[in-house]
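*Asks:* Residues per chain, in single letters:
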Amino acid sequence: MLFSLLRNETEAEDAAQETAIKVYLNLHLFRGDSQFRTWTLSIARNEGLGRLRKQATRREDSLEADTDEQTGDYTPAILTSWREIPAEALERKELGAILRKAIESLPEIYRNIVLLRDIEEMDIKETAAALDISEAAVKVRLHRARALLQRELAPQLKGFAPKRKGLFGRRV
Amino acid sequence: MRIDCKHVWEHISAYIDGDVDPVLRAEIDKHLETCEICSAVLDSTRNVVVLMADDRVFELPAGFSQRLHARLDDVLEKEIERNE
Numbered sequence: 001m002l003f004s005l006l007r008n009e010t011e012a013e014d015a016a017q018e019t020a021i022k023v024y025l026n027l028h029l030f031r032g033d034s035q036f037r038t039w040t041l042s043i044a045r046n047e048g049l050g051r052l053r054k055q056a057t058r059r060e061d062s063l064e065a066d067t068d069e070q071t072g073d074y075t076p077a078i079l080t081s082w083r084e085i086p087a088e089a090l091e092r093k094e095l096g097a098i099l100r101k102a103i104e105s106l107p108e109i110y111r112n113i114v115l116l117r118d119i120e121e122m123d124i125k126e127t128a129a130a131l132d133i134s135e136a137a138v139k140v141r142l143h144r145a146r147a148l149l150q151r152e153l154a155p156q157l158k159g160f161a162p163k164r165k166g167l168f169g170r171r172v
Numbered sequence: 001m002r003i004d005c006k007h008v009w010e011h012i013s014a015y016i017d018g019d020v021d022p023v024l025r026a027e028i029d030k031h032l033e034t035c036e037i038c039s040a041v042l043d044s045t046r047n048v049v050v051l052m053a054d055d056r057v058f059e060l061p062a063g064f065s066q067r068l069h070a071r072l073d074d075v076l077e078k079e080i081e082r083n084e
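Note that the protein sequences, when read in sequence, are chains Y and Z.
Per my numbering, the first sequence starts with residue 1, numbered consecutively.
Per my numbering, the second sequence starts with residue 1, numbered consecutively.
Treat each hint with caution, since some may be false.
Computed cross-link-like contacts, BS3-like style, restricted to lysine-lysine with a CA-CA straight-line distance of at most 25 angstroms [stated by the list, open to error]:
#: 1; chain 1: Y; residue 1: Lys22; chain 2: Z; residue 2: Lys30
#: 2; chain 1: Z; residue 1: Lys30; chain 2: Y; residue 2: Lys139
#: 3; chain 1: Y; residue 1: Lys22; chain 2: Y; residue 2: Lys54
No lab work stands behind these hints: they were computed from the structure.
This structure is a prediction, so every number in the text was calculated from the model and none was measured.
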């Protein structure tokens, strides 16, 4: 979820760490009136949105500032540990990139639903609570989101069919 | 009731989630038996859903856990110092 919001691996990892710290420090505030996962995800979402706001402010500031200040962390350190990876993982990584790109291109209301429902695998009720919308709205948006993703991804995912026996069996 | 392709597409998401009533499910199943287009749409939509739920597709970067623990240890240490 954080990667989809922030679109930068280093920033997303930092936000995930910050979320874990906030969850730990605020555990005493968790009242149990929602699922722990829902509570944690709302903290993560707030953390991500807060960073997005800061980024937007920084971009405004930088219009007047020295452009050199913008040369930030373009090469995340974590990528170095990904040099040696098995072919299968490489394929998964490529697949993940295709999926992420498609999800990121969704309008926000659909993206949020997909992130919570299909990636975090929250149920309809939890998703509705996390986004503060009705369960009927979750179902409608989820349907549209999946339809948009299917249209975007089906032609691209064909290439992954041979090694994923069973998944695409009926289409090839 | 006889349903057409458009009708099937409208219920695909709910069908995948097992959230359609038995009568409608039976109608959709019957339609799918003879309609290759709807079968393909259903399969590809289901594939997308399956792939998104696959932790291996969105796996965390290598070393994520160690870095997280290191940072949490750091915070814990500072908390303890502050409370002393």
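*Asks:* Now, for every hint given, state plainly whether the structure supports it.
*Replies:* How the hints compare with the structure:
A distance of roughly 51 angstroms separates the Cα atoms of Lys22/Y and Lys30/Z; the hinted pair therefore is violated under the 25 angstroms criterion. Using a Cα cut-off of 25 angstroms, the hinted pair Lys30/Z and Lys139/Y holds, with the two alpha carbons roughly 24 angstroms apart. A distance of roughly 18 angstroms separates the Cα atoms of Lys22/Y and Lys54/Y; the hinted pair therefore holds under the 25 angstroms criterion.
Taken one by one, the earlier hints fail for this structure only at number 1.
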